Amino acid sequence: MAANLTLLTVMGVLYACGIYLLLERSLTRVLLGLMMLANATNILLLATGGYAGLAPLFIKGVAVEAYNDPLPQALILTSIVISFAVTAFMLGLIYRSWLLSRADEVQIDPEDRRVAQQDIYDVEEDSVIAPDTSEFPAETGTSRKKTRAGGRP
Amino acid sequence: MQIILAVHFGAALVAPWIFPRLGRRAFYLLAAVPAAAFVWLLFQHGAVYASPAGAPAEVVPWIPQLQLNLAFRMDALAWIMCLLVLGVGALVLAYCGRYFKDGDPGLGGFGAQLLAFAGAMFGLVTADDLILLFIFWELTTVLSYLLIGYARARIGARRAALQALLVTTFGGLTMLVGLIMLGQAGRTYRISELLAQAPHLFAAGSPTAGIVNVALLLILVGAISKSALVPFHFWLPGAMAAPTPVSAYLHAAAMVKAGIYLVARLAPGFSDTAYWQAMVLVLGLATMLIGGWRALREFDLKLILAYGTVSQLGFLTAVVGVGNRDAALAGLALLLAHGLFKATLFLVVGIIDHQTGTRDIRNLSGVFRSAPALGVVAGIGAASMAGVPLTAGFIAKESVYEALVHVAQERGPAGILVLAAGVAGSVLTFAYSARFLWGGFADKDKGMATVFKPVPGAFLFAPALLSVLTVVYGLWPVPVDSWIAGYASLFPAEGEVTHLALWHGLTPALGLTALTLAAGTALFLGRSTVTRLQDRSPSLGSAEAAYRGLVNAVDAAAIWVTGRTQRGSLYFYLSVILTTAIGANVLALFLGRVPLPDTVYWVDPGSPVQLVAAAVIIVGAVAAARANKRFLAVLMVSVTGYGIALIFALQGAPDLALTQMLVETIILVAFVLAMRRLPARLRERTVGSHRAVRLLIGAAFGLTMVCVALAAMGARTARPVSLDFPNLAYTGGGGLNIVNVTLVDIRAWDTFGEITVLASAATGVASLIFLRSRGDRLARAATVQSGSVGRRQEAGLRNDDGALATARRFATVNRDPWLVAGRTLAPERRSIIFEVITRLLFHSVIVFSIYLLLAGHNLPGGGFSGGLIAGLALTLRYLAGGRFELAEAARASAGLLLGGGLALAAVTGVAPLFLGGSVFQSAILTFWLPVFGDIKFVTSTLFDIGVYLVVVGLVLDVLRSLGAEIDEHEENNTSDEDEAELDDDSLEVARGR
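First to last, the sequence lines map onto chains A and B.
Going from the first sequence to my numbering is simple: count from 1 and add 26.
Going from the second sequence to my numbering is simple: count from 1 and add 171.
Excised from the complex, chain A in its bound form (with noise of 0.2 Å):
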């Protein structure tokens, strides 16, 4: 089939501009990214249904091939009100993550951070524990060494 470059080149260019700002650190920015790929991915979609036609509203007699193809229209339709959607719930992450930390921003994960520089030493595996040798210490007083649990990880 033949290809409308100039969607293409419309797609590339959103599809170019929107990764720029994904890859950003500014959440504002990260979301404006995202509906750029939206846009660039509905052209994509519209792209594939081929030249313009007409619009898919049913004329008896007139040739199917005539109409401009109406299923990538019916996925880029919901597309564009997912995307809505979508773009909706970022606003209230970015008004929260405003609200909580005054940031616009990505954080660094500091949790990951952790692991990361994470000791291999770990109580709960590698704390040296005297052995039991009793289940039933406290009942009377003869043992002596109670050997209870060294402490919940």
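FYI, nobody ran anything at the bench for these hints, they're computed from the structure.
Remember, predicted model here, so these are calculated numbers, not experimental data.
Glycine included, every Cβ here is placed at the ideal spot set by N, Cα and C.
Some clues are possibly wrong.
[Unchecked claim] Which stretches of chain B does chain A cover? Using the computed rule of at least three CB atoms under 8 Å from a CB of chain A, they are: (1) 249–263; (2) 824–838; (3) 870–882.
Chain A is already provided as a structure; the job is to place chain B on it using the hints.
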């Protein structure tokens, strides 16, 4: 057999509900399950021994595609194992009824696990399918993990449980590989069939010989890990962190015997495979010596028994693995005797621990005088363990010696070595048996007698019964002999058949027994010398240390890898992901034969104006990427959005153009609402090389996508399915708008999924802003003072106090002709023109949205665009009259709209099922109405109404959350000070309404 299994697991499932009612007495109830099964087992004796080939079997297909069957078979070996599993299981469960206290935490779960364990062991020994056997095998592993870790609060118990799990799972997985190799080589997973054809499988020259040899090696790794043989022996003493009844059952009678069972099960067919003898004999006897030696060093009674068990398990594995008739008889005789005496001894230790609070032999003294009955029971058990005449242990050890003497005669020096190791191990066994008895019960010279509470009869019942059986077996071994004969006959007879007996005459075996008793006594009497020798002998390096080192190495590797890959930076992750995506696609484009489109063109003859829109979009996109003001960037993205709407319109997609326009508009409003507090400038935070990398990745990705798109379009060869859509829509869907019919009828499932996502996203937005609830109840206008919302406090406004006063007078009138809640706004925030326009437009827009919804089936429009238009009307009301106006405009809560819409769509989908159709099937109804005339109604319109409601709910949620609720956050920040300023008139106005 399946019924027995089902009863065990069923009872285990309900057990946790029994314990809260009955307390520890529930253990007696649980004990009844294996006890009843034991009685059933005794009645099976006749059927099992009727003929060697015709053992009772049950086969139920489970997953036929994988040749996996629920195959069970009760032959002599299985029957003997079941005696131990069910008999000891019942006794141990009954013993638990006195061992634990009513209030012990997690008792219900514990009882359930113990009973389920008995069931799993029963399944393990009766399974006649390799995979089924493996399933039960791993089930025992998991249950033993839970049972060992019963004392969850103790770090030692948790660690021991994990260690046992890791070691036995390692063995289990190795075994699984071996089982699969064996099953594939023999083309069946049925154990009985494999054993029948065993000699052919590994005969020299057979194509499967190599595979079967290795398979058996791997299976043995599983067996020795389960039975705690060197080098896996360390997990068993560690597992003594389990409650003592668990140790008695799992680590004496049942679980550790699983490995020996497997060896015994496979020995008749496979004991001559390449690695079998070496592995079984060397590791078995080495384990026996190491375990016995270690047992002489321990001070904890339980650890003495644990190392003793390790030692005995090595011995058993070696004897059972020899693979001839005598050894089979001797091995199983010892297996039964060991089950009896080791369970007895563990239960005795449990009683000592329970009554005194210690198991340390340095603290115990004079226990025999306090509890002579307990001492007698323990004495019988220890005597049997040591092999003293008149006990089961003597009978078994005699026959073992008999078998080993034969081995020595047949195999020359190696055989003599085996015999010598067996005797040496038995000497150690005698010595630690004596040490156990002395340490647990004797009067020590230093210190007073340990305080010992009297032992109730019910507590002593289980070990006492076991010791009675030990003596009966020792005096009258004939029944045991006949039971085992059924298994031993699987091996070819060589010479005369030996039997278990109390008196064989003056044989070499008897001499060896005498030697064992004498040397063992000497070793015990010289125990102080032995201790000194042990302290002086160099440590050979412990297997446990090796295990710890291995685990630590794995930990270190995991931390290293995590540190290199989990950097915590989204930028890093995305860069890796995107680079991979680019690389993979580029590679595919270069390597694969990529078809390209026949023709490419720049100008579409049907829409040349597209070029202009394209230029606008490109400029907008680049500007958005470069913008450093927040709203400028947002606007630029909107420009691309509107440009795309134009392209849609030119391409012949009016529905898309309409929807895109509406969405862009609402998104713009949402952006402004959500970001009003954020700083205007967008600071550039990535600099230098990062920026270059971003540019590079972005450009490369864009280019890749162009190539992918070209390749995808070039690859198209088939006729598009969508060419059928026009006719489908018209005849099947009863509509002219093909896109709309596609959404609500042809691809209704897709749309249903989509509106579900919309509802979740809307709920997500609401919960992010409202936090505690969905906030469905917005405050109504009647509760608010006039002119109170959003008053300005800036000093600059003080200059035109007069104007403000006039405005306030105007704003606090009772009636408001334009908007219901307009009066709630502070006068300086109101715009009379805006209010008038809103008043004029709102209802028309709503009517128009309903028109779009209903006409959408035949003309551009539909639920999506209709819902968005209605959402825009609400937006208008909110912007003109504030949040109370929004509450007045949308009386139905957003949650109700979302839920109602989803429910309506779902009902439209399901209803046809009840009318004999398929899901989402539509019907065309034609009828006549008075005013409207002839009506053609397609039921999928109802689905579209559901979509409409969901979209309205989504927009409403966005307005309520990002608009109204954030308004309130803002006001709470500033309103504290101006509350005092509110004049009383306005309060009265509010009350008057």
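We went through each hint and held it up to the structure:
Look at the segment 249–263 of chain B against chain A: 0 of its residues bring a Cβ nearer than 8 Å to a Cβ of that chain, fewer than three, so the hint is violated. A count of 9 residues in the segment 824–838 of chain B with a Cβ less than 8 Å from any Cβ of chain A is obtained; the coverage claim is therefore met, three being the minimum. As drawn, the segment 870–882 of chain B meets chain A at 8 residues by the rule of a beta-carbon pair under 8 Å; at three or more, the given contact holds.
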